[in-house]
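Student: All chains should be built: construct the whole structure from the sequences, respecting the hints.
Protein sequence lines correspond, in order, to chains G and W.
Here numbering that gives the first Met the number 0 is used: position 200 in the first sequence is 199, and no number is missing along the way.
Here numbering that gives the first Met the number 0 is used: position 152 in the second sequence is 151, and no number is missing along the way.
Don't read these hints as lab results, they were simulated from the structure.
In this text the structure is predicted, and so the values were computed from the model without any measurement.
Virtual Cβ for every residue (Gly too), placed ideally from N, Cα, C.
It is possible that part of the hints are untrue.
Distance windows between CB atoms, simulated [what the hints assert, rightly or not]:
no.	chain 1	residue 1	chain 2	residue 2	range
1	W	Lys231	G	Glu249	23 to 33 angstroms
2	G	Thr191	W	Ala192	20 to 30 angstroms
3	G	Thr308	W	Lys142	54 to 64 angstroms
4	W	Thr1	G	Thr116	44 to 54 angstroms
5	W	His64	G	Arg4	39 to 49 angstroms
6	G	Gly246	W	Lys6	41 to 51 angstroms
7	W	Thr191	G	Thr116	19 to 29 angstroms
8	G	Gln217	W	Thr1	51 to 61 angstroms
9	W	Asp149	G	Glu307	46 to 56 angstroms
10	W	Asp149	G	Asp149	32 to 42 angstroms
Only some residues are given here: those of chain W computed to face chain G with a beta carbon under 10 angstroms [claimed, not checked]:
no.	residue
11	Ser170
12	Thr172
13	Lys175
14	His177
15	Glu182
16	Leu183
17	Tyr184
18	His190
19	Val201
20	Lys205
21	Glu249
22	Leu251
Protein chains: 2
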Amino acid sequence: MTNEREKTLQKIAEVLRSAASVLIFPHIRMDGDSLGSAVALARALRAAGKQAWILVAEDIPNNLHFMEGGLSTRDSKVIEQPDVCIAVDCSDAERIEDRKEAFARGKTTVVIDHHVTFDAFAEINLSDGQAAATGELVFELLKHMAAPIDRPIAEALYAAIVTDTGNFQYSNTSAKTHRITAELYASGIDHTAVVVEIYQNVRPQKILLLGAALNDIQMVADGKIALVQVTKEMFRQTGALISESEGIVEMLRSMRGVEVAAVLKEDNDKVRVGLRSKAAVDVAEIAALFGGGGHQGAAGFSSSDDIETTAVRLIEALKKSLLG
Amino acid sequence: MTNEREKTLQKIAEVLRSAASVLIFPHIRMDGDSLGSAVALARALRAAGKQAWILVAEDIPNNLHFMEGGLSTRDSKVIEQPDVCIAVDCSDAERIEDRKEAFARGKTTVVIDHHVTFDAFAEINLSDGQAAATGELVFELLKHMAAPIDRPIAEALYAAIVTDTGNFQYSNTSAKTHRITAELYASGIDHTAVVVEIYQNVRPQKILLLGAALNDIQMVADGKIALVQVTKEMFRQTGALISESEGIVEMLRSMRGVEVAAVLKEDNDKVRVGLRSKAAVDVAEIAALFGGGGHQGAAGFSSSDDIETTAVRLIEALKKSLLG
Chain G
0 MTNEREKTLQ KIAEVLRSAA SVLIFPHIRM DGDSLGSAVA LARALRAAGK
50 QAWILVAEDI PNNLHFMEGG LSTRDSKVIE QPDVCIAVDC SDAERIEDRK
100 EAFARGKTTV VIDHHVTFDA FAEINLSDGQ AAATGELVFE LLKHMAAPID
150 RPIAEALYAA IVTDTGNFQY SNTSAKTHRI TAELYASGID HTAVVVEIYQ
200 NVRPQKILLL GAALNDIQMV ADGKIALVQV TKEMFRQTGA LISESEGIVE
250 MLRSMRGVEV AAVLKEDNDK VRVGLRSKAA VDVAEIAALF GGGGHQGAAG
300 FSSSDDIETT AVRLIEALKK SLLG
Chain W
0 MTNEREKTLQ KIAEVLRSAA SVLIFPHIRM DGDSLGSAVA LARALRAAGK
50 QAWILVAEDI PNNLHFMEGG LSTRDSKVIE QPDVCIAVDC SDAERIEDRK
100 EAFARGKTTV VIDHHVTFDA FAEINLSDGQ AAATGELVFE LLKHMAAPID
150 RPIAEALYAA IVTDTGNFQY SNTSAKTHRI TAELYASGID HTAVVVEIYQ
200 NVRPQKILLL GAALNDIQMV ADGKIALVQV TKEMFRQTGA LISESEGIVE
250 MLRSMRGVEV AAVLKEDNDK VRVGLRSKAA VDVAEIAALF GGGGHQGAAG
300 FSSSDDIETT AVRLIEALKK SLLG
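Tutor: This is the structure we're talking about:
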């Protein structure tokens, strides 16, 4: 595997080195890892005198805008026939969605990803489930390409790693993550500035929603279950978007004594449910009961029942699981 | 300086190597860095066959209890006359408060610290304002002592670094911080378990207080100032302690457009005020106007006015500063 991995990295490096034009594809609903990896690649390729663009089909999220640097475009014809099309942080072709055709126009297609489940959809596929972020793999790729890592490249890779590891807290973080980060510091990154852009740029509406949600916590089963129902009314009153309810469930889990946290959100005619656990409960199993899925510690599902009914059924299932 | 620093580290290593008994002093209101550094030292010294204890005068904070391992005592006579008394993470003697007498009983006294302002109060003093945590210095000290860094030692040092850098986000974090952390991983730390203990162990009352506070945000000066008044009534209703209002001010600052965040807390007959800024305002200057102090980005003061009056005066001062 390791040998295979090195060979594939080497091959991708060679393909990129001999290319004159490269089109880069971050995944839909792009995050820091996806965009950071794309930006680092685009900058390195341009610095080597190549034509390089990041093809997107949506707005750059506000807190990631600082690194975009005019490298992205929505024009799929920005390069008529790219020598290489490379998808970053994409576990399957659905992650590039409407840009699949544009991707296929590449004379060579490549994908670099770090998800555990991976559907090889390009000609050259690198997937390393051990990497904490695709940014780690791009760092290695740039080394293979002997591409200089200047400050903007290092800051994009730092943003990629920081966002995909939850500030080095998630279990995917490794010694390698920290070694790479130490090397990024050597390129003169202003890590505080990056942190301010990424984390201190929250829409006030999101903070208001957090306040409303935390004011309405249900504690069940002697405080082992913490649950919040985020209603349409809360979204309306705070002006927050459904995506801005992220983070509430982790806040609930952080409470002492809580084994499982659940956040139920009213989204049109569905109820979307996020689950997080410490150790006692496998929330992927719970989510599966409701037709959803995920990991032992983080899972979710959608329900067509109303939010109250969903809460009652969920609490019942969680209690059963807690009692063993 | 660097040479001086190395010599001092070497000297402390020698003093500890030749000691048979060592008493270790974390600072009052101990935090992860202070206790983590003390635990790592105590474990390494015991592993080398020495008598070693951590002398405390207060309860171990609940979220740090996991690493204590029976190494701490309140009995200042646990070692009659220690060969070495060593204070960790203490910038001056006031930080060991009532344990000063016990400290002075050491045949040799040592202090290791990383604060920028430092009052050398021992015979051998090591202060390195460049270090992100005293845990970094203890890591280096153990290397100088050729002490093996086993998993419990590595986890204590990891806890020290993580808490004093705010998960590697604060500006004190350096390439060295990440290099040391990578080495701690090599000792087999379970970083996820440490993170759960430290951060997912919050009293529910604190989360309830956060909810109440975020439900009552005042936005002033076109959203450049975010302010919350945490009243006695809120503390009563949520059951939270005054210390559990920490973190609210950072949450306010995280909002897009906010340049200064202020949290005012009613504490007996005082109002305690915490200030945080992004870049536009020097909050240390503002705090100084009210008899307080701090840094450019984080400062505070106490007021004898009531909370409403304090808010009005503060907002006035902040507006003046924002207008330049």
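Student: For every hint, state whether the structure bears it out.
Tutor: Okay, the hints, checked on the actual structure:
{"no.": "1", "hint": "W:Lys231 to G:Glu249: 23 to 33 angstroms", "in the structure": "holds (30 angstroms)"}
{"no.": "2", "hint": "G:Thr191 to W:Ala192: 20 to 30 angstroms", "in the structure": "holds (28 angstroms)"}
{"no.": "3", "hint": "G:Thr308 to W:Lys142: 54 to 64 angstroms", "in the structure": "holds (60 angstroms)"}
{"no.": "4", "hint": "W:Thr1 to G:Thr116: 44 to 54 angstroms", "in the structure": "holds (49 angstroms)"}
{"no.": "5", "hint": "W:His64 to G:Arg4: 39 to 49 angstroms", "in the structure": "holds (41 angstroms)"}
{"no.": "6", "hint": "G:Gly246 to W:Lys6: 41 to 51 angstroms", "in the structure": "holds (48 angstroms)"}
{"no.": "7", "hint": "W:Thr191 to G:Thr116: 19 to 29 angstroms", "in the structure": "holds (21 angstroms)"}
{"no.": "8", "hint": "G:Gln217 to W:Thr1: 51 to 61 angstroms", "in the structure": "holds (56 angstroms)"}
{"no.": "9", "hint": "W:Asp149 to G:Glu307: 46 to 56 angstroms", "in the structure": "holds (52 angstroms)"}
{"no.": "10", "hint": "W:Asp149 to G:Asp149: 32 to 42 angstroms", "in the structure": "holds (40 angstroms)"}
{"no.": "11", "hint": "Ser170", "in the structure": "holds (4 angstroms)"}
{"no.": "12", "hint": "Thr172", "in the structure": "holds (6 angstroms)"}
{"no.": "13", "hint": "Lys175", "in the structure": "holds (8 angstroms)"}
{"no.": "14", "hint": "His177", "in the structure": "holds (4 angstroms)"}
{"no.": "15", "hint": "Glu182", "in the structure": "holds (8 angstroms)"}
{"no.": "16", "hint": "Leu183", "in the structure": "holds (8 angstroms)"}
{"no.": "17", "hint": "Tyr184", "in the structure": "holds (4 angstroms)"}
{"no.": "18", "hint": "His190", "in the structure": "holds (6 angstroms)"}
{"no.": "19", "hint": "Val201", "in the structure": "holds (5 angstroms)"}
{"no.": "20", "hint": "Lys205", "in the structure": "holds (8 angstroms)"}
{"no.": "21", "hint": "Glu249", "in the structure": "holds (9 angstroms)"}
{"no.": "22", "hint": "Leu251", "in the structure": "holds (7 angstroms)"}
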